[in-house]
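Protein sequence lines, in the order shown, are assigned to chains H and A.
Note that the first sequence covers residues 2 to 501 in the working numbering.
Note that the second sequence covers residues 6 to 163 in the working numbering.
Check the hints yourself; a few may be wrong.
As the list claims (entries may be wrong) - Derived lysine to aspartate or glutamate pairs resembling DMTMM-like cross-links, with alpha carbons at most 25 Å apart:
| id | chain 1 | residue 1 | chain 2 | residue 2 |
| --- | --- | --- | --- | --- |
| 1 | H | K427 | H | D238 |
| 2 | A | K9 | H | E230 |
| 3 | H | K427 | A | E38 |
| 4 | H | K488 | A | E38 |
As the list claims (entries may be wrong) - With beta-carbon atoms standing in for the labels, derived distance ranges:
| id | chain 1 | residue 1 | chain 2 | residue 2 | range |
| --- | --- | --- | --- | --- | --- |
| 5 | H | G293 | A | V145 | 37 to 47 Å |
| 6 | A | A136 | H | T475 | 30 to 40 Å |
| 7 | A | E34 | H | A487 | 48 to 58 Å |
| 8 | H | S198 | A | G160 | 50 to 60 Å |
| 9 | A | R125 | H | K488 | 46 to 56 Å |
| 10 | H | A478 | A | T31 | 47 to 57 Å |
To be clear, the hints were calculated from the coordinates, so they are not data collected in a lab.
Glycine residues also receive a C-beta, built at the ideal position from the N, C-alpha and C atoms.
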Amino acid sequence: MELLDQILGGFATAATPVNLLYCFLGVLLGTVIGLLPGLGSVTGVALLLPLTLTLEPVTALIMLAGIYYGTQYGATISSVLIATPGDSATVVTTLEGYQLARKGRAGPALAIAAIASFLAGTISIILLMTLAPLFSRFALSFGPPEIVGLMVLGLAGVIGFTGSSQFKGLAMAAFGLAVATIGIDPQTGVSRFTFGSVELLGGIGFLEVVIGLFAISEVMAQVRRGAPEPIRTRFRDMLLSREDWRRSRMSIVRGGFLGFLLGVLPGAGATLASFFSYDVERRFSGHGDEFGTGAIEGVAGPEAANNAAVNGAFVPTLTLGIPGSGTTAVLLGAFLLFGIQPGPLLLEEQPDLVWGLIASFYIGNLILLLLNLPLAPVFASILRLRYGLLYPMILLLCFVGAYAIENRLWGVWLAFAFGVIGYFMKRYDYPAAPVILGLILGGLLEEALVQTSSISGGDFTIFLQSPIALVLFTLAALIILGPYIAKVVGLVNRRRAAGE
Amino acid sequence: MREKAPDLIGAGLLMALGAAFAAGATGYEILGEGGRIAPGFMPFVTGVLMAVFGAMVGVEALLRTPREREDDGEAAETGTRRTVVLVFGALFVAVLLIPVLGFLLSFGLLVFGLIWYVEREGLLLGLGLGAGAAVLAWLVFGLLLQIPLPGGVLGLGG
Chain H
2 MELLDQILGG FATAATPVNL LYCFLGVLLG TVIGLLPGLG SVTGVALLLP
52 LTLTLEPVTA LIMLAGIYYG TQYGATISSV LIATPGDSAT VVTTLEGYQL
102 ARKGRAGPAL AIAAIASFLA GTISIILLMT LAPLFSRFAL SFGPPEIVGL
152 MVLGLAGVIG FTGSSQFKGL AMAAFGLAVA TIGIDPQTGV SRFTFGSVEL
202 LGGIGFLEVV IGLFAISEVM AQVRRGAPEP IRTRFRDMLL SREDWRRSRM
252 SIVRGGFLGF LLGVLPGAGA TLASFFSYDV ERRFSGHGDE FGTGAIEGVA
302 GPEAANNAAV NGAFVPTLTL GIPGSGTTAV LLGAFLLFGI QPGPLLLEEQ
352 PDLVWGLIAS FYIGNLILLL LNLPLAPVFA SILRLRYGLL YPMILLLCFV
402 GAYAIENRLW GVWLAFAFGV IGYFMKRYDY PAAPVILGLI LGGLLEEALV
452 QTSSISGGDF TIFLQSPIAL VLFTLAALII LGPYIAKVVG LVNRRRAAGE
Chain A
6 MREKAPDLIG AGLLMALGAA FAAGATGYEI LGEGGRIAPG FMPFVTGVLM
56 AVFGAMVGVE ALLRTPRERE DDGEAAETGT RRTVVLVFGA LFVAVLLIPV
106 LGFLLSFGLL VFGLIWYVER EGLLLGLGLG AGAAVLAWLV FGLLLQIPLP
156 GGVLGLGG
């Protein structure tokens with residue numbers, strides 16, 4: 002019953018008044034940020050991270066988890082009401098959610114999204130609590146070569162599922178990894194690419210880059226596009242009918258399990274999970290013909306799936322130190338900022354922190370439900386503000402945040418520069434998430450590589466001697482080459498069929 | 006050919022940047038004693054990879070038949086390129102002015118300028134929101150979080 006004790010201990014940590022307060026604040030602020038057009042969970046976490054810097058690590062991480070959940074629901078609100086997803090994981094929600102809103106059923110769409118997220122959160126947190134220790138135990142046997150394999154798999158996963166061109170994703174990951182080498186090399190103390198600048202010695206901070214690449218560039222893209230008119234919703238419309246619930250409940254269960262499983266895999270888990278769940282619901286819900294015109298299962302399933310996937314993604318993030326998505330990458334960066342190194346040892350060395358965090362996920366989910374069922378229409382009123390009045394404020398927030406990270410003007414310039422770069426990347430379809438992942442994993446990857454090479458005395462065949470590393474490399478190669486292999490196989494089959 | 010230009014330029018930039026990283030890395034020793042990884046290894050390998058993948062982006066663009074390109078909704082854009090340039094320009098000036106005016110004044114003026122001049126939302130609304138945003142930022146960051154924002158020559162903010 003050691004596990005149960007630890008879980009209860011976790012709830013005791015998470016439920017102190019201070020931690021509850023910050024979790025609540027995180028959910029509240031996260032929801033507001035998440036519903037601003039174009040701003041999603043990556044941005045939300047990055048923008049609000051400076052607020053947590055003065056807190057105790059556990060409290061800070063609990064607040065960040067709250068922010069994470071809040072931004073996700075906020076993004077759902079903007080998906081349903083203005084068909085503008087703040088997050089790639091809520092893109093699918095715009096399909097049915099916006100159609101429901103146009104039919105005057107925005108309330109039930111928002112309500113089922115909140116309920117689905119909560120129920121799927123419950124399922125997936127139980128799975129997370131059981132799986133995390135198992136994963137940890139398995140990963141304890143990992144040495145530097147296996148860790149290199151894991152990182153490569155993590156990078157491949159994110160690239161494999163992003164954007165129109167894989168080469169753009171790969172190039173962006175390489176860009177992130179290269180930028181990560183700027184500054185003093187922690188292994189040898191050699192300063193790289195600093196050109197005599199004191200500022201560059203400390204390296205390029207990932208938060209400034211995130212604020213630039215995600216927040217500023219998103220806002221600018223939105224400025225160019227112009228923001229759409231929101232659909233109104235009222236509190237009494239938030240009530241679900243018996244029929245809505247009857248139709249949604251199995252979708253929620255399916256979405257919850259599917260989402261968790263996909264979330265554990267490295268890659269854009271939540272996005273993939275939501276698309277998968279949408280497809281599953283269209284085929285199996287029995288209302289496939291209504292899809293595209295506002296089917297509530299098409300909101301319930303994907304919303305359950307993306308929430309569960311988020312929890313699933315925490316399994317590799319916490320136990321292996323490998324983030325499964327852009328947002329978990331930012332959260333991993335936050336962990337490192339607070340001096341916590343996620344990995345197999347974390348659960349053993351700091352059980353209070355890990356279990357407190359996991360328990361706070363659950364509490365965050367509950368706060369989200371209690372806050373958003375009654376307040377979604379109030380939050381939604383922010384969307385009625387003209388974007389011309391909103392974006393100057395958002396930009397101010399971005400730049401204060403960039404300054405506050407290290408209390409220096411350098412951060413502001415970095416955010417500005419990456420804002421310009423990010424604007425053009427967005428315009429020409431270069432994905433930003435691989436840059437962030439490369440930037441955060443770069444240092445860890447280099448450390449693992451250096452350790453590997455000193456264990457083996459510079460002999461790279463050490464990777465071939467580790468079956469686990471081999472499996473990980475093979476998986477990474479399959480993720481990247483899979484689409485091409487499928488294409489070639491398809492071509493061969495067609496030729497053969499044509500020849501017969 | 007015209008619609009391929011952005012990808013070809015992007016490919017060129019990636020190749021140049023990748024080559025720069027790889028070339029710079031040769032100054033830091035790539036493999037050390039007994040073939041061990043030295044400080045130049047990561048920047049060299051990632052630089053080469055960036056250049057190679059960049060080249061592939063270019064190749065992909067050249068091989069692509071024009072009809073495969075998706076419509077990026079250019080016509081639906083209500084904001085203009087002019088606005089984007091203006092906002093980026095205003096941001097640049099605002100950051101440049103921080104050491105002189107201080108963070109809050111500089112960014113308060115930015116908010117005012119964007120709302121009043123760029124968005125044409127009215128002078129009073131611009132002034133009110135500019136001042137309000139600056140005060141709010143000071144309340145949250147200066148007062149609550151005790152993060153001293155640069156005050157400039159006037160010393161406003163800390």
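Tested hints:
| no. | hint | verdict |
| --- | --- | --- |
| 1 | K427(H) x D238(H) | 37 Å, violated |
| 2 | K9(A) x E230(H) | 34 Å, violated |
| 3 | K427(H) x E38(A) | 43 Å, violated |
| 4 | K488(H) x E38(A) | 44 Å, violated |
| 5 | G293(H) x V145(A): 37 to 47 Å | 43 Å, holds |
| 6 | A136(A) x T475(H): 30 to 40 Å | 60 Å, violated |
| 7 | E34(A) x A487(H): 48 to 58 Å | 42 Å, violated |
| 8 | S198(H) x G160(A): 50 to 60 Å | 28 Å, violated |
| 9 | R125(A) x K488(H): 46 to 56 Å | 51 Å, holds |
| 10 | A478(H) x T31(A): 47 to 57 Å | 28 Å, violated |
Consistency note: the structure conflicts with the earlier hints numbered 1, 2, 3, 4, 6, 7, 8, 10.
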